[in-house]
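Novice: Next come the chains, spelled out residue by residue.
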Amino acid sequence: MSLSAAAPKRVPPWRNIRVLRWMLQLVILLSVASLLYWLWNNYRLNLAQSKIPTNFRFLDNPSSFTLPGNALDQSAPVRRAFVQGFLNTLRVSIAGILLALLLGTLVGVGRLSKNFVVRTVAGTYVEILRNLPLLLLLTFMNLAVVLQLFPRIESAWVPFELFVISNRGIAMPWFVGSGTTLLTLFGCCIAAMFIVSSGCKVYSNRTGKSVRTFLISGVVFVVLMVFGWSIFGFNWTLPVVNDRGSLGGIRIDPSYFALLVSLVLYTSSHVAEIVRGSILAVPKGQGEAADAIALSPSKKMRLVILPQAFRVAMPALGNQSLNLIKNSSLGAVISYFELTQIAQITVGNGSPAVPAFTLTLFVYLVISLTSSLIINIVNRRLALVER
Amino acid sequence: MKTWLRRNLFRTWWDALLTIVFSGVALWAMWSVFRFVVFTGRWEIIDVNLRLLLVGRFPKESLWVLYGVVIATCFWGAAALGGGKVAGAREASRSEQLFAAVRRFGLLVVVGLLLVVLAGVRESMWFVVAVVGAIVLGLQVKKWRRSIAKLRQIPAVIWHVALAITPITMMVLVIRSADVQLWGGFLINFYIAVLSILLCFPLGVLLALGRRSSLPMVRLVCATYIEVVRGAPLFVLLLLSGVALDFFLPPQIDPGPVFRSVTVFTMFTAAYLAEIIRGGLQSIPKGQTEAARALGLPTVKIIFLVTLPQALRNVIPAQIGQFISLFKDTTLAGAALSILEMLKISEAITKQDAFLGRGYIYEVLAFAGLLFWVGSYVMSKESQRVEKKLGVGQR
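Going down the list, the protein sequences come from chains D and B. The letter at position 304 of the first sequence is residue 287 when you use our numbering, and the numbering goes up by one with no holes. The letter at position 149 of the second sequence is residue 740 when you use our numbering, and the numbering goes up by one with no holes.
Bound conformation, chain D alone (with noise of 0.2 Å):
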């Protein structure tokens, strides 16, 4: 009669659960190695036979292709292309994501409107672009809007004698001057804006009185724009149609154009969505607490209900975003000088293609990196903090 036998025996290791854990990460990780292997080995053994070169040497070879605007010529090393590619992209893309979220965020606020026509509209304007494929929104805008339904140039639409408008781009009033000093101008205008918003707060919290804080710091911005303005000595051009295009303005360019209007009409429809959603999101309370003490229904919206869906829809807003910088790739179909485009330029021109398109995506993944770290922080900052 002794129990002594169920004392501790040692479990076999082929049932004990550590060691066949250990196994079967070691089998996973060799199965990856070996695939990557295999593929690291074919393209060693190809390269050996086509004789292409693997380094990015290439970076420093003449890109031989100019574009618009002289920002290259010909001699100028393959490296100022990227460079100038990646501007491009950022060029783009930042327009892109302001106006896809003001245009997207209006849409979703109109899709929940108690008016009927302004419902039913939005609502149309999301089913329709939400449901095409980018790229056909593309052509459309390249193939049909800019380069069909524009007017050659000898027939250029000027409206209000301030744009020109035709078929080698949009010709718009722009200023004379450094650009420096007026970034410079500007930022300090946003800056004295933003002391004297926090300043109606500060002030509006110790009173009780409400503050018409927008109304206010606008003035002010305005104001000293203005004032900065003359003083610098900054001056207006107005665009004038001559014979091969338009002078003076700030010209856009069309393939430029008709990529911008795409991916905001594309992304705002998704944003529309997400803004929708998150508003549903708000609990219904907040909006009675709003209506109980007589907010208006612009305040309702502005200061209650949109601060609290933000929140909701700041990590999908993100997502969108970081969309819109990954679909101005399709730039390229349009020949508009982005990253891509670029790449399959100097690709075409005898640069290694592996490298090429490797520095690319490269690039790609580092920027869609860095924008989730920041909508992380932002995120967090955001994130309603809890017991």
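Keep in mind that the hints are not guaranteed to be accurate.
Said to hold, decoys possible - Simulated crosslink set (PhoX-like; lysine-lysine; CA at most 25 Å straight-line):
#1 K593/B with K267/D
#2 K282/D with K97/D
#3 K979/B with K651/B
#4 K97/D with K651/B
What the hints assert, rightly or not - Residues from chain B that keep clear of chain D, each with C-beta distances beyond 12 Å, as calculated:
#5 L706
#6 V720
#7 N780
#8 V796
#9 L829
Everything labelled a hint here was simulated from the structure, so no lab data went into it. Even for Gly, the Cβ is constructed at its ideal location relative to N, Cα and C.
Given the structure of chain D, go ahead and fit chain B onto it with the hints provided.
Specialist: Same frame as chain D, but now just chain B:
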């Protein structure tokens, strides 16, 4: 009526202004579309090129197999999805049923009729009859299935396999009847999308499970893959597959553009799908796993019988949304790999001698857009219906 107007349109002066402006915009837009469709549109370009747009250079003598696939798929769809009611809803009356059917399939029927008119009514009459017959037969089979199910339980899997045999054999026939390089138009969009969806689904599930695994190495591998793929634009990946896939394969394999695009779409969508499924897995309460463990189920069974089915059900709309965007993104294959898919062919036919330089791009893009739009729209509506039917958020 008057109250409705006041409530909905003219609450305040600002509201009235909005109403007037937006009504103007909407009426103008509707009139332009109507005028374009009925009066100014020159639809002969679609009429002449219909076959190119839909199937590309698919050989004419094998077209009957394609017709067969459409008919068999209609039969299968009707038998698998047809009928049925939303969980917890009362039995609908006849008129309500009709209304629901019109809402669900009206768009598809309209597009089908449009294609029939474009293809020539007399030529396609037998096809319409066959499709309608297949649907009716499918619905009938569904009814039989219900009445048999009352007598004896037959597992649903057996039913589906039995019903799916015809369309699957037909599809194999299609693939064998013509070299895939000859396919084009809407057919190739559809083919790439369906194939990639079928392939990316298991991969996505595995990646999602791997990312939530308790084994650190597995987690690392899966997370790296997902983040890298999600950080890259699809278009660049497609371009890269066009120039670089050859380098990574043994020299004797020569992948065609369709193979390349399916590879990229599968790998790309799997990463996104993995994140969606991971979200679904996270939404499953811990008690489910614990209860399964208490019953003594092994881990694999817990995953595939308890957590995964619930997780997949919870994220149906997001999954279908991903598949819809895959379907829309198949247009990129044309731009990156020169596959003659719908959009590419649409652009190409405006350059035919008879149509060159006369601004046919509107008609062509309108037609391509209509097909894509209806496909995506119907899919998204169906996903909402399936979600309701499975009772997400109610059970």
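Novice: To test your reading of the hints: which numbers does this structure violate?
Specialist: 1, 3, 4, 7 and 9
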